[in-house]
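Given the coordinates of chain U, work out where chain X with the ligands should sit on it, guided by the hints.
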Amino acid sequence: MPAPSSTATTTSAIVAATDLTRRYGEGEAAVDALRGVTIAFPPSRFTAIMGASGSGKSTLMHILAGLDRPTSGSVVLDGTELAGLDDQGLTTLRRDKVGFIFQSFNLLPVLTAEENILLPLSIAGQKPDPEWIERLVDTVGLRDRLTHRPAELSGGQQQRVAVARALASRPAVVFADEPTGNLDSTTSGEVLALLRRSVDEFGQTIIMVTHDPDAAAVGDRTITLTDGRVSSDEDR
Amino acid sequence: MRKVALKGLLARKTRLGLTALAVALGVMLIAGTYVFTDTINRSFDRIFTAVYAKTDAVVSPNDSIGSQDNGTVPSLDGSVLARVKALPQVGEAQGVVNDQSGVVIGKDGKAIKSGGAPTIIGSVLPARFSAAEYPQGHAPANAGEVSIDKATAKRKGLHVGDTIGLQAAAPRKQYRISGLLTIAGVDSLGGATTVELTLPEAQRVTGKVGRYDEIYVAGRPGTTPAQLKAAIQQVEPSSVTVRTGKQQTKNQQDDIKGALSFLTTALLAFAGISLFVGAFIIFNTFSITVAQRAREFALLRTLGASRRQVLRSVLTEGLVLGVLGSLVGLGIGIVVASGLRALFKAVGVDLPSSGTVIESRTIIVSLLVGIVVTLIASLAPALRATRVPPVAALREGVALPQTRTSRLAFPLAVVLTAIGFALMAWGLFGGGSSSKALSLLGGGAALTFLGVALLSPRLVGPIASAVGRPLQALAGMTGRLARENTVRQPGRTAVTAAALMIGVALVTFASIFAAGAKKTINDAVDTGSNASVILQNINGFGPFSPGAAKAVAGVQGVQDVSPMRFSQGKLAGKDVQVTGIDPASFSTLYNVTHGSDKLKALPPDGVVVAKGYADDHDVKPGQRLQVKTPTTRTVSLRVTGIAEDRGQLLSQLTVDNQTLVRDFASTKDGFVLVGFAPGADAKAVKHAVDARLSQDFPQVEALTESEFKGNQADQINQLLGLIYALLALAIVVSLFGIVNTLVLSITERTRELGMLRAIGTSRRQVRRMIRYEAVITALIGGVLGLVLGVVLAILVTQPLDGFKLSIPVGSLVVVLILSAVAGVMAAVLPARRASRLDVLDALAYE
Ligand SMILES: Nc1ncnc2c1ncn2[C@@H]1O[C@H](COP(=O)(O)OP(=O)(O)OP(=O)(O)O)[C@@H](O)[C@H]1O
Ligand SMILES: [Mg+2]
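Taken in sequence, the protein lines are chains U and X.
Residue numbering for the first sequence follows our numbering, starting at 2 and increasing by one per position.
Residue numbering for the second sequence follows our numbering, starting at 137 and increasing by one per position.
With the rest of the complex left out, here is chain U (with noise of 0.2 Å):
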């Protein structure tokens, strides 16, 4: 299959990565997790990552977010060279430009629903939009558990606590590694249902990792890794 020209995408593409290769430890016990991926993710799309374990799923998202650097190739991220940034600059476009969303939540035990929701604004010491947040707890429908802790909430309330906190500063792009890996089927159901209304309402970008063919099939575009290389990229 033919990849797409890199230049043509690049330009309406919210990230675009150009050759990437990742190259784990060195000589004989060398692993090459990414073998040259050139792609690109239009904005407000929600795109699938799929693969077998270890074909590179999670590296690829790594470079792509900033938290990792490539052994080659280049990122752009809304505008951004990755390469060109230093710690600081890499996190500060974390900061701004991109969600997360965990398999495990990470939610900070410490603080309420409402708190670890409003975390990545306050971390940037930006006031939050009120309308924005309230629209946002609406649609992740968490408005009667706002004042309680993480331990206080299902697993499937705290992913979409998460969910809520990954969109709360509105960036460019939001990735989700298996978001729904340690959920049960109803649960799993209501947080992609979430993602993807983020999508169409909100205009979101999303980038997920997943292994669950249910979940991928929610996405606009499925793309499939195998031994480090982009094997099939479908749109739905």
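Quick caveat, the hints were computed from the structure, so don't treat them as lab data.
Possibly wrong hints are sitting among the right ones.
Unchecked claim - Part of the chain X face toward chain U, derived, beta carbon under 10 Å: (1) 347; (2) 614; (3) 617; (4) 623; (5) 624; (6) 859; (7) 890; (8) 894; (9) 896; (10) 897; (11) 903; (12) 976.
Claimed, not checked - Partial chain X-side listing against chain U, Cβ under 10 Å, derived: (13) 612; (14) 613; (15) 616; (16) 619; (17) 620; (18) 621; (19) 887; (20) 888; (21) 891; (22) 893; (23) 895; (24) 898; (25) 901; (26) 965; (27) 968; (28) 969.
As the list claims (entries may be wrong) - Label-pair ranges, simulated between beta-carbon atoms: (29) 965(X) to 147(U): 31 to 39 Å; (30) 857(X) to 82(U): 56 to 64 Å; (31) 977(X) to 135(U): 32 to 40 Å; (32) 854(X) to 149(U): 29 to 37 Å; (33) 82(U) to 950(X): 46 to 54 Å; (34) 497(X) to 152(U): 50 to 58 Å; (35) 945(X) to 82(U): 54 to 62 Å; (36) 53(U) to 438(X): 51 to 59 Å; (37) 900(X) to 131(U): 22 to 30 Å; (38) 950(X) to 152(U): 36 to 44 Å; (39) 105(U) to 930(X): 47 to 55 Å; (40) 900(X) to 221(U): 33 to 41 Å.
Remember, it's a predicted structure, so these values are computed and weren't measured experimentally.
Beta carbons: idealized from backbone N, C-alpha and C, even for Gly.
The following block gives chain X with the ligands in isolation, referenced to the frame of chain U:
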């Protein structure tokens, strides 16, 4: 199982190091103290052995009342020497002068201060008795020559042929240095400034013409020292003490040991404080790691390990830690013994030490105490580890079962605090010896600290809110998170803070005590004294020649001169302090609180008794007191009145100076109150007085009231500085505790930190968060310590007669700020660690 314990230790080297250091610092001070004082003792032993090596018997005044060193004990009359010489058993007898009341004036015209060590004016001994050697020059041969110890000569750049001054009872006179002196090959008599004159000159200078401080006796061949001693005792009255050369050596060595034992005890008390704080750190570190490793213990239990084996594995960790910490402490202690000496030198006490003496006692006590303290501190956490049920291995997020002790913590805390206060009150008000009172106070304070530490988990929340809210306002979310993190595990934060609390409480206590002492003195001077200037010894406390008062009396513009003297006596078998005054002039220059008229009318045979003493011993005016004086005679004094002096200048008994001279053989003034003529130019008169004193009596200084207050404050501040320096050790130990707790908490929160970094928290923000967490913990300790210190100070000063309590608010604020700064310092390493965490590793951390 032992392997598990050791692997566990090695896997966490930072924690191992920090926890071991918590023990090591306390042990260091124990070892350092012993090495330091043993070394001092050894050098004095050598000196005294050499000094009396050639002497069979030594005759000295009976010093059962007063002390020869401070001049309250009269010297020997010349007739004693004559009687001793006449004895058939005596081969040779030599009267000597050995006086500590003088001062040496260096080439720069300034008195040489030997920092706490005395200035000794001695007489040259004939070769038969002498232990002195002259590596340069020779012994003084005439009344114009002096020899001086080599160490002082070196320190002051003096050489044979130079001119130095001497002043004791007689006014200053200049001498040519004829030789430099060593004793037993040692350059210095234990830091003392030592000079030798010819015997008649020494007698004249020290005001002991025809008298001696000691008589050295050598027996005829065939007479044993014991026989010699017995023979002398036969002809001498009880006012004279006879010892064999060996006994005299031992006596002097014991004197030094006795004087040093106070120092040893004081230093060991500070070592105990450090170890006490260290025990908190060890307890906390073990508690945290045991909690973190609960699953590991559960797994071991599932695999068939018994409770005993789990217990042993944790205690083995404690043992290894204790051994390691104690060994390190012992090692550093031996090295820092010289550091202690430097510390004392810095506050003006120069103690001798030649070589380093390491007794086996030093090694045994240091290791034993360190190991036992560590084991005791790790026992409770080890017991908790045994309570982890095997099934916990299968569950997520195990919490340790709540133990009985933690449920009982609150009542226990209250009971401990109450007992602590009760013990302290008993020590303060219960009477009994001062050493008993001090042990009760110390034990009570330790229990109170424990009680408050147990209580503090409940205080952590409110205090953290109080000190954390400003930080939150300042730093937003990082401040908020820091505060939340400190209250997450209140027990952990509480113990960490309590360790610091102890140090802060003691610093606070010392500051308040010192401030109160200064205020007491200031108020006494302000309300009591009408003197224009006060004459005192430049060392602040020693007696000095009455010639100074006479000289000052002759200065134009000086109207009243009122010398005060201090001596001792025994009344009904108990020591009493006796003050001598000049009744007429004293009342003009000093106001007592009550009874001024009684003092003014004090007759030569009368005594005015201090109110406190009179109340305690039921003394009534008109009664006669039988007081045994330093001359060993008993005099009968009639009580003519009771006086109260809140200024504490007067001691228990006050008599006329003439009585002191006649019955107590007093020869020196303690203080002299001087009043200038009304209308005189105070500045000019003071100038003239200064000039007169520096000309003839450089040992004496004239201080105005404000100079006197400043001088007293300086002395208190020096002592306070020493106490601060020693308490700093306990505070450093508690800082290790903060570092340890932070490092362990960060490990626990690795995933959280990873998440925070992923969603855009900068490294700086992470560092700031950890730093604030440390600052809040430190401030909790600071606030608790401050409150406790204030309470303790108020309590302890309560029974002190006339003590003016004064809370130095400024200093206490500084203490609080310093606690926060300490927190910042403790956070440096943990904050760096936390900010350097690799985000991906942290997110994947399990
Ligand atoms: N830190 C690392 N050091 C060495 N090798 C690594 C590291 N992280 C990942 N790898 C290797 O890189 C390859 C890709 O890993 P990656 O985590 O991206 O896979 P994945 O597709 O996310 O798998 P899974 O579905 O199991 O999460 C694997 O072979 C893995 O072993
Ligand atoms: Mg993965």
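Do the hints match the structure? See the list:
no.	hint	verdict
1	347	violated, 81 Å
2	614	holds, 8 Å
3	617	holds, 7 Å
4	623	holds, 8 Å
5	624	holds, 6 Å
6	859	violated, 40 Å
7	890	holds, 8 Å
8	894	holds, 5 Å
9	896	holds, 2 Å
10	897	holds, 5 Å
11	903	violated, 13 Å
12	976	holds, 6 Å
13	612	holds, 6 Å
14	613	holds, 4 Å
15	616	holds, 8 Å
16	619	holds, 9 Å
17	620	holds, 4 Å
18	621	holds, 7 Å
19	887	holds, 6 Å
20	888	holds, 6 Å
21	891	holds, 4 Å
22	893	holds, 7 Å
23	895	holds, 5 Å
24	898	holds, 5 Å
25	901	holds, 7 Å
26	965	violated, 20 Å
27	968	violated, 14 Å
28	969	violated, 16 Å
29	965(X) to 147(U): 31 to 39 Å	holds, 38 Å
30	857(X) to 82(U): 56 to 64 Å	holds, 60 Å
31	977(X) to 135(U): 32 to 40 Å	holds, 37 Å
32	854(X) to 149(U): 29 to 37 Å	violated, 59 Å
33	82(U) to 950(X): 46 to 54 Å	holds, 52 Å
34	497(X) to 152(U): 50 to 58 Å	holds, 55 Å
35	945(X) to 82(U): 54 to 62 Å	holds, 58 Å
36	53(U) to 438(X): 51 to 59 Å	violated, 34 Å
37	900(X) to 131(U): 22 to 30 Å	holds, 28 Å
38	950(X) to 152(U): 36 to 44 Å	holds, 41 Å
39	105(U) to 930(X): 47 to 55 Å	holds, 54 Å
40	900(X) to 221(U): 33 to 41 Å	holds, 38 Å
In the structure shown, a violation is registered for the earlier hints numbered 1, 6, 11, 26, 27, 28, 32, 36, in ascending order.
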